[in-house]
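Following the hints, put chains B and C in place on chain A, whose structure we already have.
Going down the list, the sequences are from chains A, B and C.
Numbering-wise, the first sequence is residues 160 to 928 according to my numbering.
Numbering-wise, the second sequence is residues 3 to 273 according to my numbering.
Numbering-wise, the third sequence is residues 20 to 174 according to my numbering.
Just so you know, not all the hints are guaranteed correct.
Once the Cα atoms are required to be at most 30 Å apart in a straight line, the calculated DSS-like pairs of lysine-lysine come out as [to be verified]: (1) B:12 to C:89; (2) A:229 to A:419; (3) B:269 to A:921; (4) A:591 to B:175; (5) B:25 to C:30.
These are computed hints drawn from the structure, not numbers from a lab.
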Amino acid sequence: MDYAVIGQRVPRVDAREKVTGAAKYAADYSLPDMLWCKVLRSPIVHAKILNIDTSKAERLPGVRAVITAKDFGGWTWGFMATTRDEPPLAMGKVRYLHEAVAGVAAIDEEIAEEATELIKVDYEELPGVFDPEEAMKIGAPVIHDYRPNNVSVEYHWNYGDVEKAFAESYIVREDRFKTGRVTKGYLEPPASLAYYDPSGSITVWPAKQSPYFHYRHLAACFRLPLSKVRVVQPFIGGGFGGTKNDSVAGDFCAVMASKKTGKPVKFVYSQEEELSTSKRRHSMITYSKMGATKDGLLTAVQAKVIAEGGAYTAIGPLSMYLAGSSIPIPYKLENFKYDGYRVFTNNPVCAAMRGHGITHTRFAHDLQMEMIAEELGIDFIEMRLRNAIDNPKPGTVYRTVNDVTLKTCGMKEALTAIKKDPIWAQREHTPKKVGSTSFGVGISGTAYSGGARQLGHQACGAVIRLCEDGTVNLLTGATDCGQGSDTVLCMIAAEELGVKLDDVVIKRVDTAYTPCDPGSYGSRVTLLAGQATQIAAAEVKKQLLEAAAKTWSIKPEDIQIRNSVVSLKSNPDKTMTFENLAKLACYSGSGAVILGKGYSSYGLEPLDFKTGSGNSGTSYSFTAQATRLGVDLETGHTTVTDFLIAHDCGRPLNPIGAETQNEGGAVQGLGQAIYEEFVMERGETQNPTFLDYKMPRSTDVPDIRIIDIITDDPDGPYGAKEASEGSHVSAPPSVISAIHDATGIWFTEQPVTPEKIVKALKDAGKWMK
Amino acid sequence: MLGSYKGDAKPLAGGTDLIPQIKAREMAALRVVVDLKAIPGLDAITYDATKGLSIGATATVTAVERSPLVRQYYPMLANALTTMASPQVRNRATITGNICSAVPSADSAPTLLAMEAILRLQNQKGERLVPITQFFTGPRQTVLANDELITEIRIPVPPPKSCGVYLKLSPRKSMDLAVVGVAAFVVREGETCKDVRIALGAVAPTPIREARAESALLGKKLNDESIAEAAGAASSECRPIDDHRAAREYRCDMVYVLTKRALTQLKEEAL
Amino acid sequence: MKEIRITVNGKPYELSVRPHATLLEVIREDLGLTGTKEGCGVGECGACTVIMNGKSVNACLVLAPEADGKEITTIEGLADGDKLDPIQQAFYEIGGLQCGFCTPGMIMSTKALLADKPEPTDQEIRKGLEGNFCRCTGYTKIFESVREASRKSRG
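Bound conformation, chain A alone:
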């Protein structure tokens, strides 16, 4: 493919601002007369709120407003109309430790903090429950009255005939797997600057990766029309799903305080507040039964998933949907049964995070396939190759039993690339044991959904505005939270128009001016906002080609534009600059405004939460990952030396961006696999600091190589599929497979810490022998 811009290695369009410190994030904004907001949090895990006395706080000099739940008039929000159980501040009851109970706005941070300590709250403590399987039992404390059995979300899906398939299988295994309590770990804590204009409009500069969610929350909460809510996007210091796709107590308190005082109000959470209270990934237990033939072909999978939901529902219904619906990819499966339970506990709320939902069951099933392969004596890559879905021929579609459709699938190609690489092919020739360290190589083959299309408002638009000097503005509602979408959208616009990348300037999201976009989640931006951008650019190009055609007295289809040069296809020497064409078009007659608009055409098949059928995304990425590591058999420490990631993202449009996403996603997945876990003690997070919530540092990461698997998917701009989350899902099973290779032990619970390894070695009589 001979693209001028797509596929080029280019610096990010915002790299200059970032390396000079000019990029402003939410906490960097201030306005004159600004107040600071701090949140008071409950010291008790589960309790009725009997009374809140704010009088002393209100009297502290420098305090301008104190906010409690009653200010919000009973408003709550949630992912679905039936799950609106979350209030801006605890209403009548607190359900997790440090849940926000009140907010204070004062002339400086210290006074605001001091004032929170003067608010007197009377609680009546209630018994708490902290384990989802305990919470499901009869007699467990009820966390939400509308779910008396504490089951927040429940699905029961059944495809084919698992019982018959198991009965006919050569081998059937039943195993239990568990993913841990982990969080996004972004460096920038939630923050926002809010201004409620007395005329009845809101402007906020918040750290959000999906500003339009927040836009709708504010409109609903403050009973304003959307047209009067303005979210202006600062640079965002990392998103990864969950909290920055949602609104937090500080957001609502800051806006309410601004409404009450007429002044701008800013809040910035501390990192400790973030780590101990913000939304985390669900921790899920998968009880999995898997059957196979003697040749290792999968016959059936039955998965009972019990997920810890924490104290509110949030996006839980989707998390549980994704955990089940992707069970039949990337390996062919005719029979599967899924029983998913998301259970309330008195712990911080569990919501979305990179690799949403799919990561839990993919981990379980990838590992279980290897366990079966081991019993059958089949090589682990061979096992996957035998079961992997083939890349559909162009024009055809692979359809799973639950109507997940694939037009491209590079799973086999990715596995084959790993198989040929020395890291796998030469593994018998690399040292197996050096001193007390045993080396191992592991493999995974996973799938992830991209171009999310779900319930609610999923549409997105883009506008291209041609300036008279031939430069271009791109306006979309899509947010770059670090994943690089601003750059790739500019590349798409530039490629489509035929201009140089430098001539396209993207305007950051401002809901007053940019068209709506659901946000940066579900790996949808390159695909859907990219498609909208491409369409908008095509519309501008059409108008320009018509202007050129008139001038040269030819047909528009005879003209091409590339690298900002307009020329005749049949005679490349007949040219004019793009700038001149722009002037020509804009100044024709008494002037013309050249605009293009485009909308993504998202799928028409809705998801069916009840049966589990349908596409959660536009297309799916496929990742094969090899991991080489050494396990110190005496201390249990794992040192990962190499990752090799073969990733089918259709076509990497922005290669530097796609590589970095793969590298970062895999390292974040490594963190989950062996280092990270919130240690909870009756609802209290014991380790809410960067010191003790162990995310990988520069000295912990392996050398990483990426192999691109090109499949050119027809549903993505220039063949693209997602490149944000695939390697985050492939990393944990790959690492844990490698640990098995090094130790001979199957670890089924993440994180696989040194302590767990030493304990298992001891139990197997293998420690210090």
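Coordinates of chains B and C only, in the frame set by chain A:
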């Protein structure tokens, strides 16, 4: 000056422990912070062939770690200090601050114990010399009075034919507190150990010297057998807690592993 | 309030500060230089790294009065007008960044590292940046950027 504020004042050197405590509002009564860095000469690092090493109270961890004197005569200390935190923290933190914090896992403590450092404590009334082995009294507790400062850390000249090593065990390779820290220091006479010092961090209420492990090696040859015996003694004697960082059983097991490794490394070094 | 005199990016300032204010707060709030970030406030992430009298430090762990009489360089002090410092240029070209929040601190630590070790080995790069946390990139392109910065700085 500290005396006149009676506990409402704290000395400040690097601030890497104190400032987070102030921010966490753990020091409600604190009114004054006395910046010791203003005192000239308090950061000096000197070496004398008879008196040994003198580290001034405000000498930063980086300065000590990089000091050619320390690297030449006390390489064990230099290496131990590189395991602490980050370059940014080491550029400000002091060893004095590290031992005054008296957290059981303090990374400089096992080495100082193994090298039998002596601390000079001063106040308005005078001064006293306290061996580091008597300095720690409990988690975050020392013999230092409210009006006293450590002004100097002295480490005796290492005896001839001596060598030592500090091994730190933690989940990641950087930015972690030690889950177990072992410092071993051996003085040889011929084939046998004339003096053995084994110090442990993070496995007791304070950093400790491991007497039973030491006596298992005194007067003996350093070989696999005697090393295993010493490691076993150290492991059975340590009294760590169960906390979110590690369980008791694991810490005791790791005391065995690290003690064995440290002594084995010293055995190989001497060959 | 305490009066302090500090030089930041070559400019002298006379400021009146609360005694317990940190250098980070002074840089961001009093001087409006928001390039230096607060990630954790307790010296565990390196987002607030600045260079003070030639040494990299966490500005969140320096009390403002301690900075009296010192020379401080922040990320805003590296570029020479439009011309980027070689380290900034390297990060820009290689793409050693994503969200950019860790980037100022990472670049300042790189500056300190290369001043100390102009041609660092891979191990020295990793160890030199151990105080700077990044969640987005997995560090791979950060290491490449440092190597490129080293090449550019040596000409």
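A quick look at each hint next to the structure:
Between residue 12 (chain B) and residue 89 (chain C) the alpha-carbon distance is near 23 Å, which keeps this suggested pair within the 30 Å criterion. The hinted pair formed by residue 229 (chain A) and residue 419 (chain A) meets the criterion: a straight-line CA distance of about 14 Å does not exceed 30 Å. For the hint pairing residue 269 (chain B) with residue 921 (chain A), the CA-to-CA distance comes to about 27 Å; that is within 30 Å, so the pair holds. Among the hinted pairs, residue 591 (chain A) with residue 175 (chain B) is consistent with the structure: their alpha-carbon atoms are about 22 Å apart, no more than 30 Å.
Straight-line distance between C-alpha atoms of residue 25 (chain B) and residue 30 (chain C) comes to about 29 Å, which keeps the hinted pair within the 30 Å bound.
When held up to the earlier numbered hints, the structure conflicts with none and fits them all.
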